[in-house]
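Chain order of the listed sequences is A, B and C.
Under our numbering, the first residue of the first sequence carries the number 2, and numbering increases by one thereafter.
Under our numbering, the first residue of the second sequence carries the number 23, and numbering increases by one thereafter.
Under our numbering, the first residue of the third sequence carries the number 14, and numbering increases by one thereafter.
There is no bait here: all hints are sound.
Derived coverage of chain B by chain A (criterion: at least 3 residues anywhere in the stretch with Cβ under 8 Å from a Cβ of chain A; other residues may be distant): (1) 70 to 83; (2) 97 to 103; (3) 111 to 124; (4) 275 to 284.
Please keep in mind that the hints were generated in silico from the structure rather than gathered at the bench.
Even for Gly, the Cβ is constructed at its ideal location relative to N, Cα and C.
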Amino acid sequence: MQAAKPTVRKSARSHTLRYTAAAILKYASLTIGALAALIPIVVVLFASLKTGGEYSSTGPLTPPGNWLNFDNYTKAFVNGKMLVGFMNTMIILIVSIIGATLTGSMIAYILSRFQFRGKKLLLGAFLLATLIPSVTTQVATFQIINDLNLFNTRLAPIVLYLGTDIIAVYIFLQFLDTIAVSLDESAMLDGASYFKIYFRIILPLLLPAVVTVVIIKGVSIYNDFYTPFLYMPKTSLQVISTALFKFKGPYGSQWEVICAAIIITIIPTLIAFLSLQKYIYNGFAQGSEKG
Amino acid sequence: MKTSKSILGLVALTLTASLFAGCSSKESDAPAAPGAADSTPKGEITVITQRTDIVDTVFQDYAKKFNEKYPDIQVNFEALANYEDQIKIRMNTNDYGDVLLLPTSIPLADTPTFFEPLGSMEEMSKQYDGLEEREVDGKAYGLPITINYSGVIYNKSVFEKAGYSEPPKTIEEFMQVLQAIKDKTDAVPLYTNYAAGWPLTQWEAVLTTVAGDKEYVNVKQPNTDDNFVPGAPHYELYKVMYDAAKNGLIEEDPTTTDWESSKADLANGKIGTMVLGSWAIGQIKGIAPNPDDIGFMPFPTNAKERIVPLADDYTLGINVNSENKEAARAWVNWFINESGYPTTEGGGISPVKGAELPEILKQFEGTDIKFETQTPAEEKQKGLVDKIDKDAEIGLWQPDFKKTIIEAGIGNRPESYDDIMKGLNDAWVKSRAKVGAAE
Amino acid sequence: MSYRNQRILIILSFTIIPIALLFVFAYLPVVNMFRYSFTDWNGYSKTFEYVGFENYKSIFTDPKYFSVFKVSLYYFFATFAQMGLALYFATILSFKVKGKNFFKGILFFPYLLNGVAIGFIFLFFFKPDGTFDTVLQALGLDFLIQKWLLNPHIINVSLAGASVWRYMGFNFIVFLGAISSISKDIYEASDIDGANRWHQFRHIILPSIKRIVQLNIILSISGAISAFDIPYIMTGGSNGSNTFVIQTVDVAFKYGKVGLASAMAVVLLFIVVTVTLIQQFFVKEDK
Numbered sequence: 002m003q004a005a006k007p008t009v010r011k012s013a014r015s016h017t018l019r020y021t022a023a024a025i026l027k028y029a030s031l032t033i034g035a036l037a038a039l040i041p042i043v044v045v046l047f048a049s050l051k052t053g054g055e056y057s058s059t060g061p062l063t064p065p066g067n068w069l070n071f072d073n074y075t076k077a078f079v080n081g082k083m084l085v086g087f088m089n090t091m092i093i094l095i096v097s098i099i100g101a102t103l104t105g106s107m108i109a110y111i112l113s114r115f116q117f118r119g120k121k122l123l124l125g126a127f128l129l130a131t132l133i134p135s136v137t138t139q140v141a142t143f144q145i146i147n148d149l150n151l152f153n154t155r156l157a158p159i160v161l162y163l164g165t166d167i168i169a170v171y172i173f174l175q176f177l178d179t180i181a182v183s184l185d186e187s188a189m190l191d192g193a194s195y196f197k198i199y200f201r202i203i204l205p206l207l208l209p210a211v212v213t214v215v216i217i218k219g220v221s222i223y224n225d226f227y228t229p230f231l232y233m234p235k236t237s238l239q240v241i242s243t244a245l246f247k248f249k250g251p252y253g254s255q256w257e258v259i260c261a262a263i264i265i266t267i268i269p270t271l272i273a274f275l276s277l278q279k280y281i282y283n284g285f286a287q288g289s290e291k292g
Numbered sequence: 023m024k025t026s027k028s029i030l031g032l033v034a035l036t037l038t039a040s041l042f043a044g045c046s047s048k049e050s051d052a053p054a055a056p057g058a059a060d061s062t063p064k065g066e067i068t069v070i071t072q073r074t075d076i077v078d079t080v081f082q083d084y085a086k087k088f089n090e091k092y093p094d095i096q097v098n099f100e101a102l103a104n105y106e107d108q109i110k111i112r113m114n115t116n117d118y119g120d121v122l123l124l125p126t127s128i129p130l131a132d133t134p135t136f137f138e139p140l141g142s143m144e145e146m147s148k149q150y151d152g153l154e155e156r157e158v159d160g161k162a163y164g165l166p167i168t169i170n171y172s173g174v175i176y177n178k179s180v181f182e183k184a185g186y187s188e189p190p191k192t193i194e195e196f197m198q199v200l201q202a203i204k205d206k207t208d209a210v211p212l213y214t215n216y217a218a219g220w221p222l223t224q225w226e227a228v229l230t231t232v233a234g235d236k237e238y239v240n241v242k243q244p245n246t247d248d249n250f251v252p253g254a255p256h257y258e259l260y261k262v263m264y265d266a267a268k269n270g271l272i273e274e275d276p277t278t279t280d281w282e283s284s285k286a287d288l289a290n291g292k293i294g295t296m297v298l299g300s301w302a303i304g305q306i307k308g309i310a311p312n313p314d315d316i317g318f319m320p321f322p323t324n325a326k327e328r329i330v331p332l333a334d335d336y337t338l339g340i341n342v343n344s345e346n347k348e349a350a351r352a353w354v355n356w357f358i359n360e361s362g363y364p365t366t367e368g369g370g371i372s373p374v375k376g377a378e379l380p381e382i383l384k385q386f387e388g389t390d391i392k393f394e395t396q397t398p399a400e401e402k403q404k405g406l407v408d409k410i411d412k413d414a415e416i417g418l419w420q421p422d423f424k425k426t427i428i429e430a431g432i433g434n435r436p437e438s439y440d441d442i443m444k445g446l447n448d449a450w451v452k453s454r455a456k457v458g459a460a461e
Numbered sequence: 014m015s016y017r018n019q020r021i022l023i024i025l026s027f028t029i030i031p032i033a034l035l036f037v038f039a040y041l042p043v044v045n046m047f048r049y050s051f052t053d054w055n056g057y058s059k060t061f062e063y064v065g066f067e068n069y070k071s072i073f074t075d076p077k078y079f080s081v082f083k084v085s086l087y088y089f090f091a092t093f094a095q096m097g098l099a100l101y102f103a104t105i106l107s108f109k110v111k112g113k114n115f116f117k118g119i120l121f122f123p124y125l126l127n128g129v130a131i132g133f134i135f136l137f138f139f140k141p142d143g144t145f146d147t148v149l150q151a152l153g154l155d156f157l158i159q160k161w162l163l164n165p166h167i168i169n170v171s172l173a174g175a176s177v178w179r180y181m182g183f184n185f186i187v188f189l190g191a192i193s194s195i196s197k198d199i200y201e202a203s204d205i206d207g208a209n210r211w212h213q214f215r216h217i218i219l220p221s222i223k224r225i226v227q228l229n230i231i232l233s234i235s236g237a238i239s240a241f242d243i244p245y246i247m248t249g250g251s252n253g254s255n256t257f258v259i260q261t262v263d264v265a266f267k268y269g270k271v272g273l274a275s276a277m278a279v280v281l282l283f284i285v286v287t288v289t290l291i292q293q294f295f296v297k298e299d300k
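Isolated chain A (complex conformation) (with noise of 0.2 Å):
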């Protein structure tokens, strides 16, 4: 880590020579992450724009010949069918989201601020649930799926998506530890439920820990292909991650097309994620607290 070490100088010249080494040091570790986080992606994009036959012949980071060759865009959006993928995505992660949501928030209200007996334990319940390895669990989940009468229909993932995890709550209860209990205890002064609060104080103020749920929860949701491939495999509800692997297999496997289809299915969440990333870094809830 820079700057390690804790003495602090006293020199104002060795100070800035040392604050500008960290300078450069900090910033060349961001560089070298940036890289290290883009160019493998890269490979990606310069392959979505190459031909068949261009993308056998070259290597993989040679940039494509024709920059806008979008033949393998329209290729995979068309016999995809990611418009039914991309409709059935949206709806599946609106309402789980939603969901997921205000039950995560929910619990970790009543966690954050109730006394209760088996607190402790609920909390222990949801870390202990995450630590499932759902992978050999599943045989047992679907036949439960089905009982239910949930099977190739929409309810199915959203219900398994809905289940809070756990990582949800604990960012809840890092932003509800910053929230004063003092707001609580004046809007009770004034008479208001503990429902009101909720819903009218709390929920607000979380909203920074509420984006970054949705950013997190929606990456996983958006990207599960497993799911809807197990619990909806009726082809009207195919969703835009099971688009993908439409095109790969034993009978053929065209990456540049499945490439393009990447990139199709990032840009999204890429846009999702520009658009929302403010909120996440500034901390609201401290404002509150003064107001």
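Following the hints, put chains B and C in place on chain A, whose structure we already have.
Chains B and C only, in chain A's frame:
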């Protein structure tokens, strides 16, 4: 293509005979299936397929054509990517479509609990080949979607550059050709597709060729304790894989290979040979600059007879819980007889008796190569090989031990080939005794 | 309504749905799995038999089932690299940096990709003359070039590296979110006291987000023990990269032994829970 087993043989699919008979190309209208009602079937059916690649294209065309004949049946498709695993999970319920492929790993004895009988063997076998794989108590439960033959797909121009105009016959000759390809050309002599994994299981399909005995797989194998000892067919077969890996005759870095590129490379002469089923020939020819360069040869063998085994691909059947069995039956008949799938997309031979043979096989007319079905197991021993295999976790039709062999061949593992074979044989002997005792 | 009654009402109404979901979709399958672990069920037949502890006996007597746990060690160590990197980037990007949002977006980016894409990307990354080798060459580091997935001593490092690449962004964004909940006033106060960034990290940031960091470590370590997706997508567990979960899935589906696989899953769950408890115990001791 089926990456799993096709052990149970077909009865006397007399290919050679039909070759000379100048087979009467079958007209589309198949005789009404036994048991099917005369009235036109109605209803909505769900057809489950493993072909994720063409479910939205070719299968939609099939549905249109099917509806010209059966306007009152609505066909829906579902394609499963990892067919074998996913369908088994679904078979815990009653909802696994109306028409589906019978998962190969479902034991024969369990078939009637899941599937509707298609008719008596006596009647049906007059019309179709390959029903034995799913025969229980004299009834047929599945019709093969195509019949595959397996061997080596090779690039003729690579062979010529290496100095061979004729494909090799014995294992020794084959190894010489591979060595010559390495020495004289830039091509990879034998491409294993280790990374994709499933292509390695295609080797097991040529066991009959190495044994030179159509009885080996189903009749003799379950009764031997020497399945992997030196001299046994398995030992000889995978020795080819091991030696090729050891002598640097396979791809440079097997862990990062890619199935799609391998097809293109074989088509373009960057690869000499691949061990595959007939279903792949069409795909490779399709992308070859010169399709005539792509040839098929039997796997090399030291046996007296050169036998290319014919084996079922997946078989098509009807869910016993289906509410529209007649409509489902109409689809099964139409798909096998009229869609053209067995020979086009399926890439093999049609199971319909007397159907026309693929062009590529006509070159073998008059040669000593026999295309034959494997003799089915004796009644009592049906499914026995599979049971022993699973209990022992050997995985005859899984990539696992083939990968181990390649890893040992290139020196990534300390074991010798004989060590690996001994381990497999020990497991085989132990489970054979256990499963045999339980029977 | 009195706050006392309200209290009961809100606790019940806010927890009932999550608890119901948790029970039905997380614990009920585990209960069934536990039951199957005493059977010889193949996963689809209508009938099966109870075989007592036979499955557990197989697991504990055959060394092949446990030997794969050493692969988990690679993912275990990778976890710490992942946490360290995530904390480091989250911390420096919480302070004033040029192009802050740009870097944040890019570092999080890999997490946006789905599994198919990852498998593909790293196939090309690690193959001979692939992305990685090309980059090393450009940097004049040719001597480092390896067969990244072929060399049995390197393969797990490569795969664990891919795993870090994929999941670092997740930890990063969680830490970033948590750090943002810390009041700015505290930094300002410490700035006046002349604390440097390391001090601020050590004495302000780390204690404030301790809970989230601990949780991430717990999840990552249990994730390391049950490592699955990266090696499954990339190599299917071959060439010495097999993990316990891959093995479980293979036993269930390749060999039709759902009974045995369930027993393996039970053993795995037991190990994960034990490790988690030990970890929590040490964390508490630490206080």
